[in-house]
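The hints should help you fit chain B onto chain A, whose structure is shown.
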Amino acid sequence: MGDREIDQQLVERAQRGDKRAFEMLVAKYQRKLGRLLSRFIRDSAEVEDVAQEAFIKAYRALPSFRGDSAFYTWLYRIGINTAKNYLVAMGRRAPTTTEFDSEEAENFEDGDQLRDVNTPEAELMSKQIAATVNETMQALPEELRTAITLREIEGLSYEDIATIMNCPIGTVRSRIFRARETIAERLRPLLGTSKDKRW
Amino acid sequence: MERISALMDGELDDDEAVQEFKRCGGDATLVEGWATYHLIGDVLRKEAPLGAGFNERLREALAAEPTVLAPRPRTFQRRARLFALSAAASVAGVLAVGWLAYFNQPIGPDSTGGTMAGKGPTVAEADASMNEYLVAHHEYADTASMPSVTPYVRYVNEIRREGAMSR
Numbered sequence: 000m001g002d003r004e005i006d007q008q009l010v011e012r013a014q015r016g017d018k019r020a021f022e023m024l025v026a027k028y029q030r031k032l033g034r035l036l037s038r039f040i041r042d043s044a045e046v047e048d049v050a051q052e053a054f055i056k057a058y059r060a061l062p063s064f065r066g067d068s069a070f071y072t073w074l075y076r077i078g079i080n081t082a083k084n085y086l087v088a089m090g091r092r093a094p095t096t097t098e099f100d101s102e103e104a105e106n107f108e109d110g111d112q113l114r115d116v117n118t119p120e121a122e123l124m125s126k127q128i129a130a131t132v133n134e135t136m137q138a139l140p141e142e143l144r145t146a147i148t149l150r151e152i153e154g155l156s157y158e159d160i161a162t163i164m165n166c167p168i169g170t171v172r173s174r175i176f177r178a179r180e181t182i183a184e185r186l187r188p189l190l191g192t193s194k195d196k197r198w
Numbered sequence: 000m001e002r003i004s005a006l007m008d009g010e011l012d013d014d015e016a017v018q019e020f021k022r023c024g025g026d027a028t029l030v031e032g033w034a035t036y037h038l039i040g041d042v043l044r045k046e047a048p049l050g051a052g053f054n055e056r057l058r059e060a061l062a063a064e065p066t067v068l069a070p071r072p073r074t075f076q077r078r079a080r081l082f083a084l085s086a087a088a089s090v091a092g093v094l095a096v097g098w099l100a101y102f103n104q105p106i107g108p109d110s111t112g113g114t115m116a117g118k119g120p121t122v123a124e125a126d127a128s129m130n131e132y133l134v135a136h137h138e139y140a141d142t143a144s145m146p147s148v149t150p151y152v153r154y155v156n157e158i159r160r161e162g163a164m165s166r
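Residue numbers (numbering that gives the first Met the number 0), protein chains in the order written: chain A, 0 to 198; chain B, 0 to 166.
Since the hints were derived computationally from the structure, they do not count as laboratory data. All figures in this text were calculated on a predicted structure; none of them were measured in a lab. C-beta: ideal position from N, C-alpha, C; glycine also.
A few chain B residues that face chain A, going by a derived Cβ cut-off under 10 Å, partial list only:
| hint | residue |
| --- | --- |
| 1 | E15 |
| 2 | C23 |
| 3 | A69 |
Once the Cα atoms are required to be at most 25 Å apart in a straight line, the calculated DSS-like pairs of lysine-lysine come out as:
| hint | chain 1 | residue 1 | chain 2 | residue 2 |
| --- | --- | --- | --- | --- |
| 4 | B | K21 | A | K18 |
| 5 | A | K56 | A | K18 |
| 6 | A | K56 | A | K83 |
| 7 | B | K45 | A | K126 |
Just chain B, with the same shape it has in the complex:
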């Protein structure tokens, strides 16, 4: 009860005050103490108490009222919206990267992705006339952004296969 006394004087720090309010929610004696201490202060300041039964009547009237459930403050809604947007952007980014990685993965003769074989044109099926150009320029490509050597190997294999067939 001493903390209730300090709370009503504004002498608890924020965390203590929040804890005390939580305790009040589950302990009627604390609320009764709060009410009595306020009454004492008001009487000392010559404030006239309201008539007997006022609180009882008001409690009954309040009990008959539908419980108020106010919407969260706008700042919370704005934060929630920002969070949702950033989360959606992150998910979209992950999906985009996943999509690109999935459909750009190399398909070679030893590839285990058998189900992918028939799904549209692959790089190997691209215009064969571009192979020499690609091989010539692949050495200068930024390997850091695509470290795999598989495409290079595939292009070379393709050229060799074409050479063997022409012979």
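With the rest of the complex left out, here is chain A:
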């Protein structure tokens, strides 16, 4: 099942009343949406407010989502409109439609730099998370580090990774899982296991 089908499944489950399915979409897209909004809202607290409002609007509008476009394309438009309305309400200049054409939504990239969208306290947390992920990555056995790098950064399929690493697909799947789980174990104390402070 591909990425778009996964989103569609989650949307359909949310449309049938499963809020947890919508939370999974939030977990998947919140940072991408936050990065988009931070292109024209500089204040990190405002970015979070607008992101939250956009997700709530998206949730309310779920019955109208028919899957004609990818979920993120749809969410992107809601995010842009929410940001425009916010900026107009604050008496600031809203972006024009050409500045954020929805056609670029699915391939939206904004450079490689970790953009600072956080308050000092949250920024510290972000740095701790990034440091923990990077340190754990460096400490991983090479085969795990290579597998998760090829998947997460290069975006390769398990089949392609298996070819490159000359191993069965099942081994790739296991290595990527072990790499993620090792990093997640280190992150959980930071995130809080009972009540996540962030996803």
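For chain B alone, coordinates are given in the frame of chain A:
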């Protein structure tokens, strides 16, 4: 949890993925794993996490929202309508056949359907002048469509009775 990892990479087949989503609906740790794995991927791709408390606030806001219950897709409605129409047509067909079979069943002197006796004219009570014609042509009628010989017997009995009375 390994299946969650494979699911987010799009490496489960459709049935496995649907099963995994069902499991997520009843297991918060799977959703937490999904969220943490996505966070790891985003950090590796240099995506900045949103501030602490964002998810908590969003969850609270979502919890305050009325649960969305979207109508089924139109394709489902169209299929349901087609099914209802075909079912109605089938029922109507069965009723029509039943109706015809019920009111066309032969009523003879030995019939057990006593309650039917007084319900309107029967074939036997039809114009007696038609009997000879009917008997003459009944032999050529399509017996496959009405295999019963009872009407033929009834017509013959009727003619005999009329003959006896005239004598």
